[in-house]
Each structure stands twice: as structure tokens, then as C-alpha cells.
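Number of protein chains: 2
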Amino acid sequence: MSIKKINIVTVGGGTGSYTVLSGIKTIKNTSISAIVSMADNGGSTGDLRDELGVLPPGDVRQCLVALSEHTDIVRKLINYRFDNGKLSGHSFGNIFLAALEKVTGSFAKGVEIVSEILKVRGTVIPATNNKAELVAILKNGKKIYGQVEIDKTDFQKNPLKKIFYKNKVKLNPRAKEAVLSSDYIIIGPGNFYESIVPNLIIDGFTTAIKKTKGKVIFMMNLTNKHGHTGYWNASDYVQNIENYLNRKVDIILINNVSPSKAQIKRYQLKEGDGVLIKDDMQDDERVMRSALISHSFFNKEKSDARAQARSFIRHDSQKIAECVMKILK
Amino acid sequence: MSIKKINIVTVGGGTGSYTVLSGIKTIKNTSISAIVSMADNGGSTGDLRDELGVLPPGDVRQCLVALSEHTDIVRKLINYRFDNGKLSGHSFGNIFLAALEKVTGSFAKGVEIVSEILKVRGTVIPATNNKAELVAILKNGKKIYGQVEIDKTDFQKNPLKKIFYKNKVKLNPRAKEAVLSSDYIIIGPGNFYESIVPNLIIDGFTTAIKKTKGKVIFMMNLTNKHGHTGYWNASDYVQNIENYLNRKVDIILINNVSPSKAQIKRYQLKEGDGVLIKDDMQDDERVMRSALISHSFFNKEKSDARAQARSFIRHDSQKIAECVMKILK
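Going line by line, the protein sequences match chains E and D. Following this note's numbering, the numbering of the first sequence begins with 1 at its first residue and continues without gaps. Following this note's numbering, the numbering of the second sequence begins with 1001 at its first residue and continues without gaps.
No lab work stands behind these hints, which were simulated from the structure alone. Idealized CB from N, CA, C, for every residue including glycine. One should not assume that every hint holds.
Stretch by stretch, here's where chain D covers chain E in the computed footprint (C-beta under 8 Å, at least three residues) [stated by the list, open to error]:
{"hint": "1", "stretch": "75 to 82"}
{"hint": "2", "stretch": "86 to 96"}
{"hint": "3", "stretch": "243 to 256"}
Listed below are the simulated EDC-like cross-link pairs for lysine to aspartate or glutamate, each with C-alpha atoms no more than 16 Å apart in a straight line [to be verified]:
{"hint": "4", "chain 1": "E", "residue 1": "K215", "chain 2": "E", "residue 2": "E242"}
{"hint": "5", "chain 1": "D", "residue 1": "K1213", "chain 2": "D", "residue 2": "D1154"}
{"hint": "6", "chain 1": "E", "residue 1": "K86", "chain 2": "D", "residue 2": "D1083"}
{"hint": "7", "chain 1": "E", "residue 1": "K86", "chain 2": "D", "residue 2": "D1072"}
{"hint": "8", "chain 1": "D", "residue 1": "K1162", "chain 2": "D", "residue 2": "E1112"}
{"hint": "9", "chain 1": "E", "residue 1": "K86", "chain 2": "D", "residue 2": "D1047"}
{"hint": "10", "chain 1": "D", "residue 1": "K1109", "chain 2": "E", "residue 2": "D72"}
{"hint": "11", "chain 1": "E", "residue 1": "K86", "chain 2": "D", "residue 2": "E1051"}
{"hint": "12", "chain 1": "D", "residue 1": "K1119", "chain 2": "E", "residue 2": "E116"}
{"hint": "13", "chain 1": "D", "residue 1": "K1131", "chain 2": "D", "residue 2": "D1047"}
{"hint": "14", "chain 1": "D", "residue 1": "K1086", "chain 2": "E", "residue 2": "E116"}
{"hint": "15", "chain 1": "E", "residue 1": "K119", "chain 2": "D", "residue 2": "E1116"}
{"hint": "16", "chain 1": "D", "residue 1": "K1086", "chain 2": "E", "residue 2": "D50"}
{"hint": "17", "chain 1": "D", "residue 1": "K1086", "chain 2": "E", "residue 2": "E51"}
{"hint": "18", "chain 1": "D", "residue 1": "K1028", "chain 2": "D", "residue 2": "D1183"}
{"hint": "19", "chain 1": "E", "residue 1": "K170", "chain 2": "E", "residue 2": "E116"}
{"hint": "20", "chain 1": "D", "residue 1": "K1086", "chain 2": "E", "residue 2": "D83"}
{"hint": "21", "chain 1": "E", "residue 1": "K211", "chain 2": "E", "residue 2": "E177"}
{"hint": "22", "chain 1": "D", "residue 1": "K1166", "chain 2": "D", "residue 2": "D1183"}
{"hint": "23", "chain 1": "D", "residue 1": "K1326", "chain 2": "D", "residue 2": "D1203"}
{"hint": "24", "chain 1": "E", "residue 1": "K109", "chain 2": "D", "residue 2": "D1072"}
{"hint": "25", "chain 1": "D", "residue 1": "K1025", "chain 2": "D", "residue 2": "E1069"}
Can you make the complete structure from the sequences, with help from the hints?
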């Protein structure tokens, strides 16, 4: 008799999804689908988007690597960033996905082929097959185009009115299917307006997540992002997420161990005060608290300095896995 | 009882080896090793050599694709050439091999990993692990550096004295082993001074090929190259090869069907007269004659225009395979 697998869907992009997926892929009898934001237009990814007209490969690449069961070398290869000549700054995996999109004529098909080559455990699903260009409109009427510019905009000085896509961006039917057949949906962690919200505002996402019988787990970030979510408390995240989702989340995972003083200092130097998220949800029974923080500094290839820079205070994959396992029981 | 496989080694590089390998990989009960010249310094390969300091991936890439048993899409991917932006002109496979050399620290290890990913039937062996820079010294004393410049030099106006490597270039131990344990060694077809000779002048090659009990098959080119081998007859090739090898070849395969008039005209426009090789070896019992020419024009991806340009009169893989099968019986 075959055991029915538990369907887990993650929603996010970039380093946050990488960390969650690296953890939960070790949980037995699960089937994992990673829904990944397609809004990135920065760095190597942005250059490839601009120069080759392909969909943004960066976040998908990180999820593929997280779920790959291939040798370490192949995983290193995918993250390898050229540091000389015309290829300088490009990660090999991004070039890989761009070339496959060109050869197959479809980003989704390219992701399938890379998944096979990388022996990916699970499925990585681009949130949309459409070109996804973010627009933020501020309360003062100004419009900000693209994730890179949104990243630089201080919404706390110039409050955000709405974030949306320039064109019609429809939920990938495979993402819809994954949400509808899920047992658990893990949203986050990740940069709120750049990795989380870009998934939630896709046409069809909220409809799917209202219909599903899957439980929605919100994995709280560890730190606030200055200018975007500075001084937010835990309840601010939950309220914002629920506004976007148009439904309640079922479980809220909050880290309950403080980062080291050195880590906090490093963050404050870069981000100013208001970087730590205050847990103000004592009375909310949906909250599960656990030690989720990593005590080791990110130990990636030197060439992936971009990833390194944003990863000083981060979740621990193994601790996430243990916490999720408790929920599944 | 397991059947002992017949060990076939090919020696060459580029399109010639691609064609032979595509054919002989269909022959059952054979173990194939492709020894590939490392002297290329042109095009995408040359740029990667210069900018990243890697070994030249181009010829190896073609052999890997020839022997790959993966889907057509993966083979197309490896040959895909970017046509926009900073990556323009680079074939994906070359970038792939360059990245793997960077990640593993060894070109040979990189080739192994790509071979696994591409499900390569057989082994592709770089002829050397050393940086291989060709030098041609002319009878007038002038020295020509690198394959690209050698390609442009007219040895028929300015006769060649000697072709050699700038530094010590040693035979890859795995190539030596392949030659020593071979049953058959197929040399050619290929550009004489650019794909064939660069293998034969590697330190250790002639010693290995004198020691082996394998039979040496010389697969004659279909056309002469203006300025290098213009007006050569079949016997000129054999004599030259044997001078380099310092031994006799055992079998000589000569095509005995004329190209179409249109094909000849196209070649003569580019190369002038003396392009067809006259078969002047009627009395030599080592010669096997067969229809080896392809009647279809090369049908590669548009993006691989470089390969297309050099492939108007070419061998037919299947006909090569049939001819080699007769020899193996």
C-alpha cells in the first residue's frame, strides 16, 4: 500500500524560499511545490531580462538548487558567478535557464528540463508565465516601476498606496493546481514587497487560496527592512498578509530566539533602528513559537556575495524542518 | 557471459569528430573514446580562453553532443549560441564547460560532469590538460602564433617548416591509456593542421600509437583546404600523417562518390581550384573505398552559422558507421 504524500506548497522567492526548501525537502512522505515570484528585475537576472527578453531566472534558480539532490558540485555550478570578461556578474544557473527558455521557447519548459538535470525533489513553479513588471503607486501619486526601484523607495517617508503589475499577470495554471491540491501552504519568509506580495497580487492567487483546503502557514521574517517594513511588529505582518490574501492565515511561525548582539549591530548599521520584529501576538492561538534562527554565518561561495550580503540574520533550514514536522504530525 | 566490447578511439576535433562519433555511437558492443584537440583559440572558445583563462571548450563540446544520448532539446541547448547582449556569440555548451572548469578547478573533471549530465555514451578526453598554444614556423623563419592565425596563413605561398607547441604539452594520461587499450584508432577527418596534427604533435602521442596493438584507420578528408592542403592528393595526406605518426597507418578510408556540381562550385568559389582530393592510391591494399559523402546540406540551428559555413561538403555519419562496421567484422 502506498502512503499518501503530504502536499506542501511554498510561496516566495529568493533566499527565503531557498532556506525553507532546503529544510523541508528532508521531510519524508511529502510532495513539495515551490511557487516562485517572477518580479525580479535586478542584477544578473535583470540583465538577462533586458538583453535576451527572457523571464527572470534568479529566484527560480535558488529554489532549484535548494531542491536538487545532485552532487554538491552541480549545485555549486548553478550558483557559480563569473567574475571576469563579458560574462562577469552572471550566475551560471541564470544563463542556463535563459538558454533553455530560448531553445524550448518556454521558461516553464526550461525549468522542467533543468529540474530533471538537477534531480530536483519536487516541483519549482514560476508564479506566472507572463512578463511581470511591478508598479508601486505612492500616496503622493508618484509611480515607481520595477522591483529594483521599489527596493530603493522609502515607503515610510512616502507612503505606499498600492502595488500592482503593469500588465495583466495571470497565475500559472500549475501554481493554481498546486495551491488547490495542497495540504499546507507556507508563505514566507522573504522581503515583503519584493518576494511575498508579488505572488499574492497575481491575478487568480487569492481565489485559489480561498478555495483550497490546505492550511496557510505564515512564516514570519526575522527582521524588518528599513523603508519598507521598518518598526513593524509581528501583527503588522499578519494583518498586511491577510489584507492581501483576503483570508485569515491558519498558523503563524515566529522565531523566539534573539540574534546575537553582533548580528543585530551589523543590521542596525545598515538598516538603522526598528530592524527587530516585536512579537506582539501573545494572545493569538495560531502562533507557534520556536528557535528558528541560524547561528552560523552564511557560508556560500565567495562569488555569491549578493546572497551573502542579505543573509546575516537568517532562518535555519534544519530548524524550520523540525518545526514544520511538528505541524504535520 | 559478457561480450568483450571493441575499443574504438577517435582522434581529431570539431565537426569531423562530431560526424564520426554521431555515426559510430550507433554501433553495438563498442566502447568509444574521443581524443580531442585542445589547440582551438578562435570564436567563443577563444574569448573564454582569454577572458576566463579556461581550456578551450569548443571541440570538446561538439564531441559531447555527438555522443549524448539525452533528448534533442538538451543537445540543442549545448549548441545554442546567444545572439544578443553581452553573451552574444557564446555557445551555451562552451559557457557550461568554462563554468565547470572554474567550479571544479579542472577541465577534465568538468568534462566528466557534463558527460554524466548529457548521458554521454563513451568518453570524451581532452588530448592534453596543458594550455596548448600552437606555433607554426615558416621556411622563411617567420613564426605564426595560435590556431586562428595559422588558419589564415597560406603555407602554399610561404611553406611551413614545422608546427609545434609554444610550451610543453603532454598527452593526457587518460588519452594514452585509451590509445594503448584500443582495438581501432580512427584519425580524421578534419582540418589537417588545426584538428589532426595538433593531436599528433603532443608529447607522448607517437610513443603511444607505436606501442598500441590497435589498428590505425585514417579517414581521408573530402576536400582540400586552400593555403594548407590545396591540390593535395590522397597519398599526400597519408604520407604526411605517417611522417607525423612515425608509423604506417593500417586502413585508409576514401570516399568514392563525387559531391554534386553545386557543392563543388560553392567550394571553388570560396577556396579556388585544387579543392577536390584526387585518389591516387589505386595500388595500395590498405585503402577501402566507399560512398561516405552526405547528400543533405547541414541542417543545424541557424544560430550555429559557424558550423554551417564549414560544412557544405561533409561525411555522412550513417555511412561512416556502416563502413566502420564492415571493418569490425
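Comparing the hints with the structure gives:
1. Restraint check on the stretch 75 to 82 of chain E versus chain D: 4 residues with Cβ-Cβ distances below 8 Å, three needed, restraint holds.
2. Counting residues of the stretch 86 to 96 of chain E whose CB lies closer than 8 Å to any CB of chain D gives 6, so the stated coverage by that chain holds, three being the minimum.
3. With 0 residues carrying a beta carbon less than 8 Å from a beta carbon of chain D, the stretch 243 to 256 of chain E misses the three-residue requirement, and the given coverage is violated.
4. Only pairs whose Cα atoms come within 16 Å are accepted, and K215 (chain E) paired with E242 (chain E) is accepted, the gap being roughly 14 Å.
5. Simply put, K1213 (chain D) and D1154 (chain D) have alpha-carbon atoms about 37 Å apart, too far for the 16 Å limit, and the pair is violated.
6. Between the alpha carbons of K86 (chain E) and D1083 (chain D) the distance comes to roughly 14 Å, so the proposed pair stays at or under 16 Å and holds.
7. Using a Cα cut-off of 16 Å, the hinted pair K86 (chain E) and D1072 (chain D) is violated, with the two alpha carbons roughly 29 Å apart.
8. As the CA atoms of K1162 (chain D) and E1112 (chain D) are separated by approximately 34 Å, the hinted pair breaks the 16 Å bound.
9. At most 16 Å may separate the alpha-carbon atoms for a hinted pair to count; K86 (chain E) and D1047 (chain D) meet this at roughly 9 Å.
10. Between the alpha carbons of K1109 (chain D) and D72 (chain E) the distance comes to roughly 14 Å, so the proposed pair stays at or under 16 Å and holds.
11. With a CA separation close to 8 Å, the supplied pair K86 (chain E) and E1051 (chain D) stays within the 16 Å bound.
12. Taking the CA atoms of K1119 (chain D) and E116 (chain E), the gap is about 12 Å. The hint holds against a cut of 16 Å.
13. Pair hint K1131 (chain D) plus D1047 (chain D) holds up; C-alpha atoms about 15 Å apart against a cutoff of 16 Å.
14. The suggested pairing of K1086 (chain D) with E116 (chain E) is violated, with an alpha-carbon distance near 28 Å, which exceeds 16 Å.
15. A hinted pair counts as satisfied when its Cα atoms are at most 16 Å apart, and K119 (chain E) with E1116 (chain D) qualifies at roughly 12 Å.
16. The hinted pair formed by K1086 (chain D) and D50 (chain E) meets the criterion: a straight-line CA distance of about 11 Å does not exceed 16 Å.
17. Taken as a hint, the K1086 (chain D) and E51 (chain E) pair is honoured in the structure, with Cα atoms around 8 Å apart against an allowance of 16 Å.
18. Straight-line distance between C-alpha atoms of K1028 (chain D) and D1183 (chain D) comes to about 15 Å, which keeps the hinted pair within the 16 Å bound.
19. Between K170 (chain E) and E116 (chain E) the alpha-carbon distance is near 26 Å, which puts this suggested pair outside the 16 Å criterion.
20. Among the hinted pairs, K1086 (chain D) with D83 (chain E) is consistent with the structure: their alpha-carbon atoms are about 14 Å apart, no more than 16 Å.
21. For a cut-off of 16 Å, the pair hint linking K211 (chain E) to E177 (chain E) stands: about 11 Å separates their Cα positions.
22. Simply put, K1166 (chain D) and D1183 (chain D) have alpha-carbon atoms about 32 Å apart, too far for the 16 Å limit, and the pair is violated.
23. Straight-line distance between C-alpha atoms of K1326 (chain D) and D1203 (chain D) comes to about 33 Å, which puts the hinted pair past the 16 Å bound.
24. In summary, the hint linking K109 (chain E) to D1072 (chain D) is supported, as the alpha carbons are separated by about 14 Å, within the 16 Å threshold.
25. A hinted pair counts as satisfied when its Cα atoms are at most 16 Å apart, and K1025 (chain D) with E1069 (chain D) qualifies at roughly 9 Å.
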